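Protein chains: 2
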Amino acid sequence: MVESLEQLKARVTSYLDTHLANDVDQSTLAASMQYSVLAGGKRLRPTLTLATVEIFGGELTEDVVRAATALELLHTYSLIHDDLPAMDNDDLRRGAPTNHRKFGAGMATLAGDGLLTLAFQWVTDNQLPATMKSQLALELAKAAGPAGMVAGQARDIEGTGRRLTLDQLRYLHRQKTGALLRYAVLAGGIITVQPAAVQRLLAQFGSSYGLAFQIYDDLMDVVGTTTAMGKRVGKDAAEHKNTYPGLLGVTGAEEQLQQALERAKNAQAALSQLTGRSFAAYDDFLAYFKL
Amino acid sequence: MVESLEQLKARVTSYLDTHLANDVDQSTLAASMQYSVLAGGKRLRPTLTLATVEIFGGELTEDVVRAATALELLHTYSLIHDDLPAMDNDDLRRGAPTNHRKFGAGMATLAGDGLLTLAFQWVTDNQLPATMKSQLALELAKAAGPAGMVAGQARDIEGTGRRLTLDQLRYLHRQKTGALLRYAVLAGGIITVQPAAVQRLLAQFGSSYGLAFQIYDDLMDVVGTTTAMGKRVGKDAAEHKNTYPGLLGVTGAEEQLQQALERAKNAQAALSQLTGRSFAAYDDFLAYFKL
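Read top to bottom, the protein sequences are chains A and B.
1 is the number of the first residue of the first sequence in the UniProt record's numbering; add one for each residue after it.
1 is the number of the first residue of the second sequence in the UniProt record's numbering; add one for each residue after it.
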């Protein structure tokens, strides 16, 4: 029986709640890591992995949940470092003070470093086959590293105050947000040992979904409210960040969002056709984008 | 034929020089990562791994060099983040401006994040057996993560200005410096598939060597010069850091250093006896400590 998104999300949060502190050996560091990890959030990335495992009939064993939940550790590190005074200098995240506002920039830097490193521990410290663990660690490193997410962040810093072309902005978004969401979907295929043709379509779905996600995030910074978003809005424009609405206007950005969603749906349909399985669970993820 | 330390070091530096930029996809990020990685340094950690592989008759293939050199990426990340204004706020490293003095704290944070993540990529992105890669990634994550090096850093920040006991200080040093040097030696045993009893002795050698290394570093901060060390000295005392000479005086710290070296030599002798191999190559590493 396939679990709902809410059930999968609850599994992830419960796993984090129970296991995170076990792997941290200093009390302030543990408090700082837990503060951000347990602050809530959609748990979108590990939930995408677990939903994909379920679609392929895989069992959600504790080992699978551990490997999938590693991605939430990694995602949380990226938020903590992104909020630092030396980076975006944000005071508010998920409706609460950011990590460095609570623990200081030094401890926040270490909490991020600890979460990033622990992600690779959780991916490999389980009873899944070694080939699977090694592949997960490699794909996670490529998605999160200096040719993936970290490169996107660097491009974001470097591009701030300069007007990028649409192609440059799409490339930045693919690295900064897309790579990790692409990995989230792909990890479900790795864990259920899918053939290369299926993996390619999973990567395509994840990649298009990730682009849609970042365009939507850009849009919400323009049309959302601080209360609804739990973080300061309107700051992209104030800081001369490159965004889809900044470059194309709200209507133009909405069109690009629709195109990315179309590509995601095409990949979803192709996956159904190729595998004979239902990918209806992905509809719930696509329903996230309400305009 | 066994290579000298200088030859092994040259291999590591040459590998970094040739391969680092290939895995970075943003020019300023690449420059920042290369700036610190190629600034010199003893390459002690990967050299310890490669020397251990050679002792057991293992071949230094390109895959082995890649997996071993990953540790230098990780070590460099720890230096960059440690030097940040939010941490130790250092201006000088290896005789040159620290990364954030050259590239700004935001890019320096990202360069560190990129190097840490790339370390896990290099450990898994090679043709070694999957069981080996998965074990290397796991041990590296445990050594570097929130129950290892990052915990030691947190303990260092938290302990500054408070007087620790000798036991507390030793524990801090084992996490902050010892864990990674322990991994460096252990990795050589993993790559050459040594039995558990040998791995235990390798870990013991690495651990004692790591403690000696940190005590020596503490001592050099008292008795060394800025020119010789390439970094500011005398700063531990100025910043009320907990150190061996601070707690025990120079003579007491030297005694502790000798004890740690004795333990390392005992492990070295036990390794020779158990395996019937010569561990004379470790003598060159032990010769590092000149008082």
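It is possible that some hints are incorrect.
[What the hints assert, rightly or not] Anything over 12 angstroms on all C-beta distances counts as not near chain A; from chain B, calculated: (1) TYR15; (2) THR117; (3) GLN121; (4) TRP122; (5) THR124; (6) LYS142; (7) ARG155; (8) ALA237; (9) GLN258; (10) SER272; (11) SER278; (12) LEU286.
[What the hints assert, rightly or not] Cβ-Cβ distance ranges computed for the label pairs, FRET-style: (13) THR61/B / ALA130/A: 13 to 21 angstroms; (14) ASN22/A / VAL193/B: 43 to 51 angstroms; (15) ALA31/A / GLY224/B: 30 to 38 angstroms; (16) ARG101/B / LYS102/A: 54 to 62 angstroms; (17) SER4/A / ARG101/B: 48 to 56 angstroms; (18) GLU59/A / VAL193/B: 53 to 61 angstroms; (19) GLY104/B / GLY95/A: 45 to 53 angstroms; (20) ALA10/A / THR61/B: 15 to 23 angstroms; (21) ASN22/A / ALA237/B: 32 to 40 angstroms; (22) ALA21/B / ASP284/A: 35 to 43 angstroms.
What the hints contain is simulated information worked out from the structure, not anything from laboratory work.
A quick note: this is a predicted structure, and the numbers were derived from the prediction, not measured.
Where a beta carbon is used, it is the ideal one built from N, C-alpha and C, also for glycine.
A quick look at each hint next to the structure:
{"no.": "1", "hint": "TYR15", "in the structure": "17 angstroms, holds"}
{"no.": "2", "hint": "THR117", "in the structure": "4 angstroms, violated"}
{"no.": "3", "hint": "GLN121", "in the structure": "4 angstroms, violated"}
{"no.": "4", "hint": "TRP122", "in the structure": "8 angstroms, violated"}
{"no.": "5", "hint": "THR124", "in the structure": "4 angstroms, violated"}
{"no.": "6", "hint": "LYS142", "in the structure": "6 angstroms, violated"}
{"no.": "7", "hint": "ARG155", "in the structure": "5 angstroms, violated"}
{"no.": "8", "hint": "ALA237", "in the structure": "20 angstroms, holds"}
{"no.": "9", "hint": "GLN258", "in the structure": "28 angstroms, holds"}
{"no.": "10", "hint": "SER272", "in the structure": "31 angstroms, holds"}
{"no.": "11", "hint": "SER278", "in the structure": "32 angstroms, holds"}
{"no.": "12", "hint": "LEU286", "in the structure": "29 angstroms, holds"}
{"no.": "13", "hint": "THR61/B / ALA130/A: 13 to 21 angstroms", "in the structure": "20 angstroms, holds"}
{"no.": "14", "hint": "ASN22/A / VAL193/B: 43 to 51 angstroms", "in the structure": "29 angstroms, violated"}
{"no.": "15", "hint": "ALA31/A / GLY224/B: 30 to 38 angstroms", "in the structure": "36 angstroms, holds"}
{"no.": "16", "hint": "ARG101/B / LYS102/A: 54 to 62 angstroms", "in the structure": "28 angstroms, violated"}
{"no.": "17", "hint": "SER4/A / ARG101/B: 48 to 56 angstroms", "in the structure": "51 angstroms, holds"}
{"no.": "18", "hint": "GLU59/A / VAL193/B: 53 to 61 angstroms", "in the structure": "31 angstroms, violated"}
{"no.": "19", "hint": "GLY104/B / GLY95/A: 45 to 53 angstroms", "in the structure": "30 angstroms, violated"}
{"no.": "20", "hint": "ALA10/A / THR61/B: 15 to 23 angstroms", "in the structure": "47 angstroms, violated"}
{"no.": "21", "hint": "ASN22/A / ALA237/B: 32 to 40 angstroms", "in the structure": "36 angstroms, holds"}
{"no.": "22", "hint": "ALA21/B / ASP284/A: 35 to 43 angstroms", "in the structure": "41 angstroms, holds"}
The structure fails to meet hints 2, 3, 4, 5, 6, 7, 14, 16, 18, 19 and 20 from the earlier list, while all remaining hints are met.
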